[in-house]
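In order, the protein sequence lines correspond to chains A and B.
Under this note's numbering, the final residue of the first sequence carries the number 343; numbering is consecutive throughout.
Under this note's numbering, the final residue of the second sequence carries the number 1329; numbering is consecutive throughout.
No wet-lab data here; the hints were simulated from the structure.
Please note that the accuracy of each hint is not assured.
[Unchecked claim] Some but not every residue of chain A turned toward chain B, in silico, with C-beta under 10 Å: (1) G47; (2) M164; (3) Q195.
Keep in mind the model is a prediction, meaning the values are calculated, not measured.
Backbone N, C-alpha and C fix where the C-beta goes; we use that ideal spot for every residue, glycine too.
Chain by chain, the residues:
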Amino acid sequence: MTEPLLRVRDLKTYFVTEQGSGTARAVDGVSFEVQPGETLGIVGESGCGKTVTSLSILRLIPEPPGHIRPGSFIEFEGRNLLTLEPRDLRAIRGNQIAMIFQEPMTSLNPVFTVGDQIAEAAIVHQRLSHRAARTRAIEMLRLVGIPDPEERVDHYPHQMSGGMRQRVMIAMALVCHPKLLIADEPTTALDVTIQAQILELLDRLQAELGMAVILITHDLGVVAGSADRVVVMYAGQVVEQAPTAALFARPLHPYTEGLLASVPRLDAPPAREHGRLHGIPGQVPAATAWPEGCRFHPRCPYAWDRCRAEAPPLLDAGGGAEPGTHTVRCWLLTDPRRRTPHP
Amino acid sequence: MTPALVDVRGLVKHFPGERRLLGLGPPRAVVRAVDDVSFAIAPGQTLGLVGESGCGKSTVGRAILRLIEPDAGRVTIDGQDVVTLGARALRALRRRMQIVFQDPYGSLNPRMTVHQMLAEPLAIHRIASGADAERRIAALLEEVGLDPSFAQSYPHELSGGQRQRVGIARALSVEPNFLVLDEPVSALDVSVQAQVLNLLADLQQRRRLTYLFIAHDLAVVKHIADQVAVMYLGKIVERAPAPTLYGSPRHPYTTSLLSAVPVPDPQAQRQRIVLAGDVPSPAHPPPGCPFHPRCPHPKKDARCRTDPPALREVAPGQLAACHFAEEPL
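So that you can see chain B by itself, here it is in the shape it has in the complex (with noise of 0.2 Å):
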């Protein structure tokens, strides 16, 4: 087996509670965001990182590439361990690893033209200038399936997909080897979704990118990843090849997940499992299996409300954070 490109071990993140009252009454509750994730991801493949609001995937990935700083948790991305390097080696390490984010129009600066966006990361890195960044622009526009004459515009200029394309090219101006797409398809309407999705699986294709993709629209991840893992309040529950996990899920949340999602074909004779109830806050996560409460399972008994699952192999390449992992919904 191949080495992995990314891998993440232990990850915790918790956000410290405000103290009430102008910061002198008691501290609220930590937030676990993230708790104890651990998942790599071969080069060149896709993992798809898959939850409700609220689960902590979007903290996953920035936690990665530290944007916020991880608590605890061991990342190496090619062999060198992110978690512990200075700024200076930090900066240099970010040419490898970028982001796309789920907001084309927040996270573009409207100030600037798509020219400027995608010559600063050249300036910063010393990549390229003047005649030579001028191509890199043109020949990186065209990749993403752009005209050339974008360069000139301002964010308010373009459509959402063009935006998307936009900031799709500008992580790829550094000529990283990992992309974290934070939900980068969720705000795009479904013509524009599948379009912006085919060309991040042939920019996947030429570049042999390593793709972090975040989303908790289970048939687009369906779409473009290998590997898929489940998350729900901070956790890991269930992860493993696509295709075994959309065939034979194991926690009755995946199950779950799964069964709720429309499918756009009024014949389909599904099952449909509707969870009871909403997600509970992060902060106050239940004891025992944090997915107790809301589990339909009808084993669960009173190990689920007190012991709290491990995420073990349920069957190969196949974890799940379930006691009745054996005897799936």
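So that you can see chain A by itself, here it is in the shape it has in the complex (with noise of 0.2 Å):
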């Protein structure tokens, strides 16, 4: 097996609330890995830690109220990011390791044309002459897809759609060919004509980069279609890890099931012939006072004593599956005979 070029271990990041009262935990324990090349998808409801996460790897958390725990553990290419001097840490962000935002609104600066923004890590990063950043920016313009981009690059964001942003923020984002993107919600805010676009275009670089991308997203529709593994998050952990196929195939965590099973699907008979959508009662606890034992137990349907009590380990799914491929946080693993709910 290859080296992965990202090791994400025991991270725990912690927020103090404003009232001083509590710690919220939002993530609390994540391990994962990101082999080159790979997408891996990060799927969670809001309040999961999934963003939280991403910005842990990048050490963009606002400290105070946020800090990242001791013993936490991120590893890029062989280097504990979590100990760099900010020096050399700038060096890889923005560089080596790249994100996207939600919100191409928010995320661009209004007031500096795109170009300028676009060349501004080439200059930083790689000391490109302002000259020659501009025809790079212009490149990338081109490569994101975006018609007339000699013209385009005295743009500034108002003068373009919400989908020309996002291509923007792309560009941008990949100036200096990253290894790494991390790719947060990059089409929650888009139409679906327009998300479909940019999901295709980021398949498209991907390929010819041979980057590796976490994709960070709600939708679990769109890491069917662009994950090579996916991991589930659910308040503050990993509850499943498993390549695509598999989870999809054979989801066993209860939330991931109970998610799976939320979601109202296109390829599902049409209303009045099919009954109700299954959900999940109750809502996603407060990370300043998550449940005992296993988080999900008030959720869940099989719940018994035992999740009550003592929180579960990831345990590897079995099944024929290779040893740590598929893993669950779920004691149901030990037990599946009660995989019946109850009435």
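Each chain sits in its own coordinate frame; assemble them with the hints.
As structure tokens, this is what we get:
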């Protein structure tokens, strides 16, 4: 097996809450790896810790109120990002690891042209001259499929549509040919036809540039179409991790199962013929007070005494899966007969 | 066939372009937000109105309720003409028709408790007061799946799903028979979205409600709608019973929209049509068929660039505005 590009181990990112009354354990012991060139999908609902995880990788967590706990470990190409000097970190951030955010409106600076914003990273990291950087910016705009790049390079963000702005964000992120791109809900703010364009663009660029991608999303459909492997997060933890095909064919964590049953599907029979969506009762608990035992037990249809008392570790899925490839944080794996919901 | 509860004919809403340069310059182009939209909804049924941002679907919902004044067209609810009503009669009719908004954060008054929000419509429409009002408020909360103790809460103390339930309870408080649901689940997490969709389906059955369900998410609409209308640049481009529209769409825009929705199944073998370009501005719609610049239909020709296609019946119950509706993608 090749050496992973990124290795996250036991990441804990906590926040002191405003009232000073408690600590929000937003990310609480998360581990995963990203191989060179692969797409890792991270899925979960709001408040599960997926965005804090990605910000922690780039050390973009505001301190205070946040802090990454000692014992956490984020290794990129063999170097621990958490102990790097700021200067060395800057050489990686925006250069070898780049990020695109959900809101292309707020992540672009309204008073600079898009060309200036794309060129900036090339000037800083690769010491290109302004002229060379401008040429590079035009190349990047062409790469991300913006028509008339020579003209568009001098436009301001407000002169562009939402889809075009997201393309500019991608151009900015890719200008230094990063080895890892973190895309945090890159298509959530976009219409579905524009989303399809952006997902196709990311696929194409990944194949052309050979980079790895962490794709953070709440949309299981996006993950199914784009990711090689999936990490499912709930309440600050990884609850299931598997190759994409295995996860959708055999979702083992009751949360993954519930999430899949909640999604209205285009490939389902039309209304009035199929009854109700299943949904998951209740809501995601607050990060200041995760439930005892398994954090999903108050919403779980299978929970029994052990789930209320003891927090489950990540267990191997078994059933023919190679050890370590499909893991699930659930006691059901020790007692599969219990997978029948209570009446 | 039962007569329609809601009947919309030739609805038009144009927003005037503002004048440039301190109001002295030449006026900007008129935005044709809603351009000759017609549909009917039978009692107890749901019409799903879908389209991308800026297609005019929310404007349709608001113009029907006269939250914004339509420029032309006829809207009748249970035989009563909504457009020509005077203020007093309109207020009375509002008991029959209510709206639930997308943003459960922006549509609830942060300074009012849930109790106050539910008591207000009861008082305005003189439906109930005192002990009777208390009883109704408790019953409403229960009906939308909230514990009556939530009555004393302020919106900031509630989760997104709970707020949307309050929004629904508020709309139901005056016992309407028609609800405009404007992206009611778009802001919710998927597990909560399923709960709210189930709630809406239950309420519809129990109270025999008629819904206009406005959404951008075709999978959500498929789940709840009996009839579906697809809008593009202010016009309905296709309208059909849901099974027909999803099973054999006739307009290339509908086909493209359907193919763009990500399906949570990695094995799904689908031919994805990726539309080029952005939606044109409704202030400058393209001549001819408004969809022609992005249309992937292999046969599109000069006619599409000059001749706006009429919305016509192309199969029993199915209307499409495309010159090539007989040869769908």
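Quick rundown of the hints versus the structure:
1. G47: holds, 8 Å
2. M164: holds, 7 Å
3. Q195: holds, 7 Å
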